[in-house]
Amino acid sequence: MIDAVLLSRAQFAMTIMFHYIFPPLSIGLSALMAVMEGLYLKTGDKTYESMARFWSRILAANFAMGVATGVVMEFQFGTNWAGYTRFVGDVFGPALAAEGILGFFLEACFLGVVIFGWDRVPPRAHWFSTVMVALGATLSASLIVMANSWQQTPAGYVLAGTAQVPKALMTSFWAVVFNPSSIPSIVHVLLGAYLQTAFVLLAVSAYYVLKGRHPDFAKKGFALGLKVGLASSLALAVTGHWQAVVVARNQPAKLAAFEGLYESRDDAPLSLFGIPDDDERRLRLSVEIPGLLSLLLHGPSGGRVAGLAEFPREDWPPVLVCFAAYHAMIGLGMAFVGWMLLSAFLMWKGRLFKSRLLMLGHVAAVAGPYLANQLGWCAAEFGRQPWAVYGLLRTKDAVSRVVPAAHVLGSIAMFGTLYLCLFAVWAYVIGAKIERGPEEEHKGTA
Amino acid sequence: MDLQTFWFATLGVFLAGYAVLDGFDLGVGILHPFAKGDDERRVLLNAIGPVWDGNEVWLVAFGASFFAAFPDAYATLFSGFYIPFMLLLLALVLRAASIEFRGKHASPAWRRLWDAAFCGSSLLAALLIGVAAGNLIAGVPVDSEGLLAADLGDLLGPFPLLTGLLTAAMFAMHGASYLCLKTEGALQARCRAWKVRSLLAFIVLYVAALALALGQESVTSRRMMDRPWMWVVAGAGVLVAGGVWRLHRKERLAQAFAGSCALIGVTLALFCGFLYPDLVPSSLDESWSLHIWNSCSSDRTLAAMRVFALLGVPLALAYTVFSYRVFRGKVRLGESSY
Chain Z
1 MIDAVLLSRA QFAMTIMFHY IFPPLSIGLS ALMAVMEGLY LKTGDKTYES MARFWSRILA
61 ANFAMGVATG VVMEFQFGTN WAGYTRFVGD VFGPALAAEG ILGFFLEACF LGVVIFGWDR
121 VPPRAHWFST VMVALGATLS ASLIVMANSW QQTPAGYVLA GTAQVPKALM TSFWAVVFNP
181 SSIPSIVHVL LGAYLQTAFV LLAVSAYYVL KGRHPDFAKK GFALGLKVGL ASSLALAVTG
241 HWQAVVVARN QPAKLAAFEG LYESRDDAPL SLFGIPDDDE RRLRLSVEIP GLLSLLLHGP
301 SGGRVAGLAE FPREDWPPVL VCFAAYHAMI GLGMAFVGWM LLSAFLMWKG RLFKSRLLML
361 GHVAAVAGPY LANQLGWCAA EFGRQPWAVY GLLRTKDAVS RVVPAAHVLG SIAMFGTLYL
421 CLFAVWAYVI GAKIERGPEE EHKGTA
Chain X
1001 MDLQTFWFAT LGVFLAGYAV LDGFDLGVGI LHPFAKGDDE RRVLLNAIGP VWDGNEVWLV
1061 AFGASFFAAF PDAYATLFSG FYIPFMLLLL ALVLRAASIE FRGKHASPAW RRLWDAAFCG
1121 SSLLAALLIG VAAGNLIAGV PVDSEGLLAA DLGDLLGPFP LLTGLLTAAM FAMHGASYLC
1181 LKTEGALQAR CRAWKVRSLL AFIVLYVAAL ALALGQESVT SRRMMDRPWM WVVAGAGVLV
1241 AGGVWRLHRK ERLAQAFAGS CALIGVTLAL FCGFLYPDLV PSSLDESWSL HIWNSCSSDR
1301 TLAAMRVFAL LGVPLALAYT VFSYRVFRGK VRLGESSY
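Protein chains in written order, with our numbering: chain Z, 1 to 446; chain X, 1001 to 1338.
Isolated chain Z (complex conformation) (with noise of 0.2 Å):
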């Protein structure tokens, strides 16, 4: 029989995939639909108030799927991991609560208005609508990324509870609020979603052109699309080296395996490329650059990293999972600034919207942004292995006891294929709404 604890982790990786397939395009397109709505109010321009219309409407379908998924993700902490909950309900409860009573609670209710309220209400009150819910997203990411990053670098709690059931009690809100990662991540994960709304944004947009339809919401959309994608692209590098070096400070082993780092060094070395191999304790076919990574941690004078040979090898994280999936993030986000700086170019000299190839790219690179924040938490979250919290739960202590491993298989089961089937009803209700497009929405033909 396969052991339960990897079942369990296989559920929760899989559930919490899904799910977030769908917050960071609520998060970034709530906001911006409140700067198109806000833009109509200011210039009295219709093109911003169609293209809020149409964006509302894939707002909606985005959000349901957003709401669904996320119920199961609280309840599976009860479920699935009754030993996690045990251990750091006194901490990490709070957080969640607030989530739900203060950030919850906003963007759903106003989410009805801002979808169905369009001829019920007047532009301003609508206006003001689209701000509450992407408050109310915004502050529902930070609340639940504030949670996850106590998981990474625990703070303000004191250990409790006894030997079986051990438990962490805070003893300082604020410093369980402001716990190390807690800023560097939630700025990320914001930046992360804004960055996949921009994206979303010039696909639609590239998508008109190429079709020579809806011209003025495409270049609109395109100018509002490349500001924030360009800006969001430049400040991912910024906040990603922020939290390189708050990993490197508190989750050693962590960093070490995003680097491929086995032997400690003072001089150590930036890896482009590489293959760990844990057995021999090397990266094979590495590409590296000198010293690099001692200077981008420590500064000019340089420093040491510590390798992963410095912790016992039950400590380790995957370091292969990890290596790879830091580096391909890396890799996108650099692509992502690359991109995002020939098109804002291309757009400045007027040729961008005559290259069809540059159109169908932008229609491409969609799929980006969806990767690259996956990839951004796999990192995290196989980096923070064998641990729940780090440094004071493992893994195997966390999960319920008393779930067999049978029924967790089931539930996957069940769960696999239900959410096969919702993405590619979501992905066809998506598309069917790209094609029908703004103006015919603003008509009404349904």
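It is possible that some hints are incorrect.
Claimed, not checked - Which residues of chain X face chain Z? A few of them, derived with a C-beta cut under 7 Å, are:
#1 1082
#2 1251
#3 1255
#4 1258
Unchecked claim - Across the chosen pairs, the derived CB separations fall in these ranges:
#5 1141(X) x 119(Z): 49 to 59 Å
#6 1332(X) x 432(Z): 52 to 62 Å
#7 1113(X) x 346(Z): 38 to 48 Å
#8 1013(X) x 344(Z): 26 to 36 Å
#9 391(Z) x 1197(X): 52 to 62 Å
#10 427(Z) x 1141(X): 36 to 46 Å
#11 249(Z) x 1156(X): 46 to 56 Å
#12 231(Z) x 1141(X): 52 to 62 Å
#13 1294(X) x 427(Z): 47 to 57 Å
#14 1037(X) x 427(Z): 21 to 31 Å
#15 432(Z) x 1037(X): 44 to 54 Å
#16 420(Z) x 1251(X): 45 to 55 Å
#17 1293(X) x 17(Z): 36 to 46 Å
#18 1285(X) x 162(Z): 52 to 62 Å
No lab work stands behind these hints, which were simulated from the structure alone.
Backbone N, C-alpha and C define an ideal beta-carbon position, used for all residues, glycine too.
Assemble the complex: chain Z is given as a structure, and chain X must be docked to it using the hints.
Just chain X now, kept in the frame of chain Z:
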């Protein structure tokens, strides 16, 4: 009131908020197949369209606060009821998808598929919530370590099945009361007939469930003997049900809806009365029960969260009132409808 009791009461408020608000959403789902033709079905769906998402947040708030306030009980209950809770989650996901996707394609086969999913998942969710509540009143085999390992068969005793049906009937009645306010003409006449039938079913099941609860030999059923106020509430339930009937006959539909809310309140007050101060009562040994003092978070955490609750709940109510005011009146199908 100590912090633990405050949080027990607050969880009760979240659960009541969920049952009163999302209760009619689930009820509309249960009644949905009885509507005739696509237009009627769309009216039913759009009656809850703009508000169901906000209503479901009461369940999210309930779950998250339960996690934070009583983590040991949360861990035991949810891991112990693994299969029913997984089915409940599945139903909630499927339900959200069917509301969102049904109207996105015109083919009859597509709509029949989502209609079946919408009704099936709403009914399943209502039944499972009721079965879980019934098991708590009946007591579950929590062991000396505070762990619960129950098979699905253990959870489907006669009393939990009865409370499952009671919950489904209660939500159907509530859904019909809500629909009476949102529909007109022939459809409204049918909603009124559904209301009469589901109200009758509710009254019968309510009395039967109370009788069975009192007939059981468990710590929770003995509580009603020690708590005279529960007899008053139980009796008030019957009176309110009669009142709802009269109001309904007199076509005072708004008041009848308020009465339906009150009936849900009565039922939940009895549920909390049976349970308090237990959260997961043990049927094996009373001293192994998880109650609000042996499964709670620290006072510091409970006090910090009380700030969120006192700040957040009035705000949540304000948003809810705002959104219901925007969408007041009868359903009109328009361009952004489902």
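Consistency of the hints with the structure:
With a least beta-carbon distance of about 5 Å to chain Z, the hint placing residue 1082(X) at the interface is held under the 7 Å criterion. For residue 1251(X), the shortest C-beta to C-beta distance to chain Z is roughly 27 Å, which exceeds 7 Å, and the interface hint is violated. The interface hint given for residue 1255(X) is broken, as the beta carbon of that residue sits about 25 Å from the closest beta carbon of chain Z, more than 7 Å. This hint is violated: residue 1258(X) has a C-beta 21 Å from the nearest C-beta of chain Z, more than the 7 Å allowed.
A hinted range of 49 to 59 Å holds for the C-beta pair residue 1141(X) and residue 119(Z), which are about 56 Å apart. At roughly 24 Å, the beta carbons of residue 1332(X) and residue 432(Z) sit outside the given window of 52 to 62 Å. The supplied range of 38 to 48 Å is met by residue 1113(X) and residue 346(Z), whose beta-carbon atoms lie about 46 Å from each other. Against the hinted window of 26 to 36 Å, the Cβ-Cβ separation of residue 1013(X) and residue 344(Z) comes to about 52 Å, which falls outside the hint.
A hinted range of 52 to 62 Å holds for the C-beta pair residue 391(Z) and residue 1197(X), which are about 60 Å apart. Between residue 427(Z) and residue 1141(X) the beta carbon distance is about 45 Å. The supplied range of 36 to 46 Å therefore holds. One distance hint, 46 to 56 Å for the beta-carbon pair residue 249(Z) and residue 1156(X), holds here, with the actual separation near 53 Å. At about 58 Å, the CB distance of residue 231(Z) to residue 1141(X) agrees with the hint of 52 to 62 Å.
Checking the proposed 47 to 57 Å range against residue 1294(X) and residue 427(Z) shows it holds: the Cβ atoms sit about 48 Å from each other. Between residue 1037(X) and residue 427(Z), the C-beta spacing of about 30 Å keeps the proposed range 21 to 31 Å intact. Take residue 432(Z) and residue 1037(X): their Cβ atoms lie about 24 Å apart, and the range 44 to 54 Å is violated. Against the hinted window of 45 to 55 Å, the Cβ-Cβ separation of residue 420(Z) and residue 1251(X) comes to about 48 Å, which satisfies the hint.
Our hint of 36 to 46 Å for residue 1293(X) and residue 17(Z) holds, since their Cβ atoms are close to 39 Å apart. For the pair residue 1285(X) and residue 162(Z), the supplied restraint of 52 to 62 Å is violated, since their beta-carbon distance comes to about 20 Å.
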